[in-house]
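> Residue numbers (this note's numbering), protein chains in the order written: chain A, 8 to 139; chain B, 2 to 210.
Treat the hints loosely; a few may be bogus.
Said to hold, decoys possible - Pulled a few chain B residues facing chain A out of the computed Cβ check, cut under 8 Å:
(1) Met2
(2) Ala3
(3) Glu4
(4) Arg6
(5) Ile7
(6) Pro9
(7) Lys10
(8) Val24
(9) Thr201
Bear in mind the hints are in silico, worked out from the structure with no lab data behind them.
All values derive from a computational prediction rather than experimental measurement.
Glycine included, each C-beta is placed from N, C-alpha and C at the ideal position.
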Amino acid sequence: MPSPVLRRLRDLPTFEMATGDPDPRGWTVRGGDGQAFGTVLELLVDPESQRVLYLNVELARGLPGVPTPAPHAETQILLPLEAVNLDTEGNSVFVTALRRDTVSTYPTFVDFILPTEFEDAMQRALGNNASA
Amino acid sequence: MAELRIQPKKPAPSPWLLVALAVLVLAVAAYFYLRPEPADEPATTPATTAAPAPTDTLAPNSPAADARATPPPGDSLETSPPLGSASPARVRLLELAPQLTQLADRADLRDDAAIREQRDNFTSATSRLADNDPAASLRPGLVAAASLLLAVQQKGYPNLEAEASTLLQQANQLSGRDATTAEQAQNSAYLAQVATLLNTLSYPAKDIL
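The following block holds chain A by itself, in its conformation from the complex (with noise of 0.2 Å):
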């Protein structure tokens, strides 16, 4: 099954949120203990089948074991829209898998090229062996 072609919502003005479906960037990403570790930046889409595939986020600063990130960069990982869960009342992405103290081990994001290396690596450290 060939890779989906993944492009940034925000670069294809010709797309916007289905109607009836929440925007979540901007909304806080919580880990599985409820505390906060960072913020939906992007999505990053498919526009052939049209749906939302991985969260860009941008993580807090000063989280224990990650690296400080150079002055006006930050660090930045995805979360396959899979592995997390929506809660639209509370604008908050919780991920279950991923705590505060955890994120450190998660792979960073740092350009927009999602080798297959990458990808297996997020699902090794989200706990699940098989490749998506």
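Let chain A serve as the given structure and place chain B on it in line with the hints.
Relative to the frame of chain A, chain B by itself:
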């Protein structure tokens, strides 16, 4: 497990279409706000044209002045009004015309078909008088005034039926001439009753016992 979908954006309406719609709405609003009120038109026309009526501009003994007397059939030169002077009944009727048309154009009355018809009849009769139409007779205006008041009475003043009916009977008995002293007195008395009933009808029906 969350699921989020995206969709192609719906095409937004052209901004020019919105501008055209806004202009259209403004034009319609301006038309309704700026158009002259129907009640104003007939009220001003007789008032402006009635003004010169008391002063006669026609030369004495001119053909126009002779024709203006408009004697009804059987009328003779002896019974015609003096040349060069407007008859008092004509002047008084033209004075009452704006008030009568304003009454007929009142918001609660103007939509009535009978009132509208009588108002048109009255306007037609008095405009010919106001224009110094030599063929115009006084009688149609006098009768039309009573008919208009009767129509107004029937629309909203049931307790004034006797007065309005009597007035119309009086109007039908008038000769239309205003030459002799007796005729002038008869016309004057009739027009005084028209003015009285007109004044009464100018109040809302609920205020009249």
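> It remains to establish, for every hint, whether it holds in the given structure.
Status of the hints after comparison with the structure:
The restraint placing Met2 of chain B at the interface with chain A holds, with a minimum CB-CB distance near 5 Å, inside the 8 Å limit. With a least beta-carbon distance of about 5 Å to chain A, the hint placing Ala3 of chain B at the interface is held under the 8 Å criterion. The closest approach between the C-beta of Glu4 of chain B and any C-beta of chain A is roughly 7 Å, which is under the 8 Å cut-off, so the hint is satisfied. The interface hint given for Arg6 of chain B holds, since its Cβ lies 4 Å from the closest Cβ of chain A, which is under the 8 Å cut-off.
A hinted interface residue such as Ile7 of chain B counts as satisfied when its beta carbon comes closer than 8 Å to some beta carbon of chain A; here the least separation is about 5 Å, so the hint holds. Below 8 Å, beta-carbon pairs count as interface contacts, and Pro9 of chain B has one with chain A at about 6 Å; its hint therefore holds. Checking Lys10 of chain B against chain A by beta carbon gives a least distance of about 5 Å; that is within 8 Å, so the hint holds. Look at Val24 of chain B: its Cβ only gets to about 29 Å from chain A, farther than 8 Å, so that hint breaks.
Given hint, Thr201 of chain B at the interface with chain A, is violated; its Cβ is 66 Å from that chain's nearest Cβ, farther than 8 Å.
Hint violations for this structure: numbers 8 and 9, all remaining hints satisfied.
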